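Student: Sequence:
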Amino acid sequence: MRRLAAHPLPLWIVFVLVHLVVGAFALGGAKTGYPLGDVEWVYTLWTREGLGGAGWVGIDKPFVYPLLALVPMLIARVAGEQNYAAGWLSLIMLLNAGAFAMLLGTGTGTGTGTGTGRDRVRAVAGWWWLAFLLALGPIALGRIDSVTVPLSLAGLLLLAAHPRVAIVVLTLAAWMKVWPAALVGAILVAAPRRLRTIGYAAGTSLVIILIALILGSGANVLSFITEQGDRGLQVEAPVSTFWMWDAAAHRPGGSSLYYDNDLLTYQLRGPGVEVASAVMTPLLVVVVLVVLAVAVLALRRGATTEAVLPPLALAVVMALICFQKVGSPQFVSWIAVPVAFGLVARAAGGPSFRVPAFVALAIAGLTQGFYPYLYGWFLALDPALLLVFTLRNLLDVVLLGWAVVALLRAHRRSAPALMGSPAGADALGAAPTFGSPR
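Quick note on the working numbering: the sequence shown kicks off at -8 and runs consecutively.
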């Protein structure tokens, strides 16, 4: 049975089934809470305006996302605007298929399906990712984040054999949605030859900025930074938990929800909300810096890159989620990247990722518990859904705590470095050049 579970065929069959099932719910419209609302209404509007001569976001006017987010939005129009949702889901499935092939090793020819230890490790990671997609539901496929997840996973999996390509891929993903930049930061801290890592990321970014400037963007190419600055507390953010319960109490002078027509999202108003909103971004920066400092300390105590990078990647991603004042449900999809990578990296001497794998599945399931199907009840402050929301947020903090503790203990479990050796590279199914961009 284990041999069959490690074989690529059943994995690929289930991969297709999961995407068909989740995609069908995503296309459910009002019946399933409009999980493709941004895709069908906002992405189509931005691209229609650009193609129609009304100006391109990120070039002619400010853009809430980095400029390259327009690329997948335009690709989804290939089959026509009337088929935009289907085009988007097809694009995400293709991108996920590429990352899935790399995860299983079939993309590099290292996955044999013979039931070897390495195949079993990769199969576990593959089955886990499919379970995660199913647990998270339509939101896993219905946002620009859905493009950056497979790209970021591919970037981490490419580190061993093609570090230069890996950094470029991660940087390109960060120019669609900022969060993969945290993974580049983790690599910068945990892997050797840091200056080259900075060089590849900076060089890629410079090319993108220069092209945008040539197209006449001016400061709009960086508008995604300022566009986020004035946001308040979004109702789905972990930090919003207290104010959501306060709003549910309906006390005089208490908190309440409102819809921001400019940002197209629900936010909070109430006592202390403005202060919390102003504090969250600086606090996020501080927490990320502390996490990176813990990783540096672990490395100085003798921890190997194999022991540090997987939990560090998870820690920075969870810090972005836990201390983000936006906190959209699709942010949960980011967790798949460090967890899947950690499950695979176990074969190369990394820490066990069994605990975070189960916690992440619970987080995904709880998120689908209040979004998208029951989102109306959530906005109505139903106590049962607020309880689900609160438990989800507590597990976010638990996962961050696990990652930090794993970093603190990294030097204790470190074996001789494998990721810079043939043995480690073979475990990852890649050439022995991890963390050494050439």
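Please keep in mind that the hints were generated in silico from the structure rather than gathered at the bench.
These numbers were taken from a predicted model, which means no experiment stands behind them.
Be careful, since some hints might not be right.
What the hints assert, rightly or not - So the derived label-pair ranges between C-beta atoms look like this:
{"hint": "1", "residue 1": "I4", "residue 2": "G392", "range": "33 to 43 Å"}
{"hint": "2", "residue 1": "G43", "residue 2": "R400", "range": "50 to 60 Å"}
{"hint": "3", "residue 1": "L288", "residue 2": "E72", "range": "46 to 56 Å"}
{"hint": "4", "residue 1": "A45", "residue 2": "T232", "range": "38 to 48 Å"}
{"hint": "5", "residue 1": "K52", "residue 2": "G263", "range": "31 to 41 Å"}
{"hint": "6", "residue 1": "V389", "residue 2": "L280", "range": "48 to 58 Å"}
Note that CB positions come from ideal geometry on N, CA and C, so glycine has one too.
Student: Taking the hints in turn, state whether each one holds.
Tutor: Each hint tested on the structure:
1. For I4 and G392, the Cβ-Cβ distance of about 37 Å falls inside the hinted range of 33 to 43 Å, so the restraint holds.
2. Restraint check, G43 to R400: a C-beta distance of roughly 56 Å satisfies the suggested window 50 to 60 Å.
3. The hinted range of 46 to 56 Å is satisfied by L288 and E72, whose Cβ atoms lie roughly 52 Å apart.
4. Checking the proposed 38 to 48 Å range against A45 and T232 shows it holds: the Cβ atoms sit about 40 Å from each other.
5. Take K52 and G263: their Cβ atoms lie about 34 Å apart, and the range 31 to 41 Å holds.
6. At roughly 22 Å, the beta-carbon separation of V389 and L280 lies outside the given 48 to 58 Å, and the hint is violated.
Of the numbered hints given earlier, the model fails hint 6 alone.
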